[in-house]
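Here is how the chains run, residue by residue.
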Amino acid sequence: MQLYGGKVYASPSKETSVGRDILEKSPDHVGSLGIAVSEGLEYAEKNPGYAYCLGSVLNHVLIHQSIIGLETMKQFDMIDEKPDVMIGCLGGGSNFGGFILPFAGEVVRGKRECRFLAAQSASAPNLSKGEYRYDFGDHAEKTPLLKMYTLGHQSHMTPIKADGLRYHAAAPFISYLKHLGHIEATAYPPDEQAVFEAARTFVQVEGFLPAPESAYAIRAAIDEALECKRKNHSEVIAFNISGHGFLDLAAYQEKLKF
Amino acid sequence: MKARDQIVLDPDDLPGSWYNVLADLPGEFPKPKDPEEGPSRLEYLSKVLLKHCLQQEVSTERWIPIPNPIQDLYRQAGRPRPLYRARRLERFLGTPAKLYYKREDLSPTGSHKVNTALAQAYYAAEEGCAGVSTETGAGQWGTALAYAASLQGLKCVIFWVRSVYD
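In order, the protein sequence lines correspond to chains A and B. Just so it is clear: in the first sequence, position 240 is 240 by the numbering used here, and no numbers are missing. Just so it is clear: in the second sequence, position 86 is 1086 by the numbering used here, and no numbers are missing.
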């Protein structure tokens, strides 16, 4: 981030009143995405010429990410194949939404049949265990209320290596489709052993090192493929590798005990 | 004939529009709202978010054209990205299922986050901003926005969740 010229603060930070308030009450606070969102918003509010950019959850972010699914749809058309199930990891829902929404739109319109499976952490099981209700998108209640599957905007979530999945709620688009019964969700234990083992298998047979977040999608895809084996049933499973794992080698070393 | 295991699109096959699922959602999609107490968050958000993004946030158009400069940024960042058949993984698992994976890891910063970072930084420059601010958890989003801001000559301030930063 600094190499690209960015200025980075650990959150909660002393740069914003939100951060200072939290640090006053608990100086060792580990932070959360919800708090970091509040700080980013406050920074843009108090510094003229700055705009706030959000990396997930909001409709426009999922719209931009739809490029993933639109390309994927063209690619399946090229080989005359149709996915039966599409799988992605989900924290706020941007890679999952980008991957599946163009397909989900066709399912909703009755033009396609396909299941959609979100792979999440039991540390932040917003779709699996959350309630569908209006909630804030951030810790300090600076955002409007959005209708989402949520664990509560100030809920505690155990830190995990796949920290990009540790967000209290799922994007309104995704939540609405879940509410309508179009999306399934599964959550893996916070020790992440099953997930890191799936990543090890993937890197050894396919050769590419996934981000810990993407390893959740791989775990779910492997489980789905093994279920097909048990039932002796063939289906087409598509999953999204949302990122690479070269920034996460220390996490791999710790989890796989090298 | 040997089946192809890498399904690759030409740069010219890059989709020219984004897809907005809002156009296809049945029933009444619940709109954002203000809490009963305190200042208006909807007004607040409209001051700190980019105008283009706010318009897209409420758009009911199914297809939203991708501006040509953003299409060029996407191609420069390596789009379209390939879809791979996981034939070795299928053999390893001994499954009759066919597995395919999309390679969003093949991005300049290593994640799918560049897809929206490039768009948002482009709009920020269009709207005359000096800089952008944001949050990041694992670090992928912060890195993607710093990259995209750098290409536009914008400053970028990032609040990084401490449990990961440390």
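It is worth saying that the hints were derived from the structure and are not from the lab. Using N, Cα and C, we set each Cβ at its ideal position, and we do this for glycine too. One or more hints might be untrue.
What the hints assert, rightly or not - In silico PhoX-like links for lysine-lysine, alpha-carbon gap of 20 Å or less: (1) B:1051 with A:229; (2) A:74 with B:1098; (3) A:111 with A:74; (4) A:46 with A:7; (5) B:1031 with B:1047; (6) A:147 with B:1033; (7) A:7 with A:25; (8) B:1033 with B:1051; (9) B:1033 with A:46; (10) B:1031 with B:1051; (11) A:129 with A:147; (12) B:1051 with B:1155; (13) A:46 with A:14; (14) A:46 with B:1155; (15) A:7 with B:1098; (16) A:147 with B:1155; (17) B:1047 with B:1033; (18) B:1098 with A:82; (19) B:1031 with A:46; (20) B:1098 with B:1031; (21) A:129 with A:82; (22) A:231 with B:1031.
What the hints assert, rightly or not - Taking CB as the label site, the calculated pair distances span: (23) A:236 with B:1036: 40 to 50 Å; (24) B:1061 with A:227: 31 to 41 Å; (25) A:257 with B:1126: 25 to 35 Å; (26) B:1010 with A:82: 35 to 45 Å; (27) B:1072 with A:257: 41 to 51 Å.
20 Å Cα cutoff - pair residue 46 of chain A, residue 7 of chain A: Roughly 16 Å between the alpha carbons, so the hint for residue 46 of chain A and residue 7 of chain A holds.
Hint consistency between residue 7 of chain A and residue 25 of chain A [alpha-carbon to alpha-carbon, up to 20 Å]: violated, 26 Å
Hint consistency between residue 74 of chain A and residue 1098 of chain B [alpha-carbon to alpha-carbon, up to 20 Å]: Holds - the C-alpha atoms of residue 1098 of chain B and residue 74 of chain A are around 18 Å apart, at most 20 Å.
Hinted pair residue 1033 of chain B and residue 46 of chain A, Cα distance within 20 Å: violated, 23 Å
Consistency of beta-carbon spacing, residue 257 of chain A to residue 1072 of chain B, with hint 41 to 51 Å: holds, 45 Å
Distance restraint hint 40 to 50 Å, applied to the beta-carbon atoms of residue 236 of chain A and residue 1036 of chain B: holds, 48 Å
Given hint residue 1047 of chain B paired with residue 1031 of chain B - CA-CA distance at most 20 Å: holds, 18 Å
Given hint residue 1033 of chain B paired with residue 1047 of chain B - CA-CA distance at most 20 Å: holds, 16 Å
Hinted pair residue 147 of chain A and residue 1155 of chain B, Cα distance within 20 Å: Between residue 147 of chain A and residue 1155 of chain B the Cα gap is close to 33 Å, so the pair fails against 20 Å, i.e. violated.
20 Å Cα cutoff - pair residue 1031 of chain B, residue 1051 of chain B: Roughly 18 Å between the alpha carbons, so the hint for residue 1031 of chain B and residue 1051 of chain B holds.
20 Å Cα cutoff - pair residue 147 of chain A, residue 1033 of chain B: holds, 9 Å
Range hint 25 to 35 Å (beta carbons of residue 257 of chain A and residue 1126 of chain B) holds or violated: violated, 49 Å
Of the hints listed earlier, those the structure fails to meet are numbers 1, 7, 9, 15, 16, 19, 20, 21, 22, 25, 26, in rising order.
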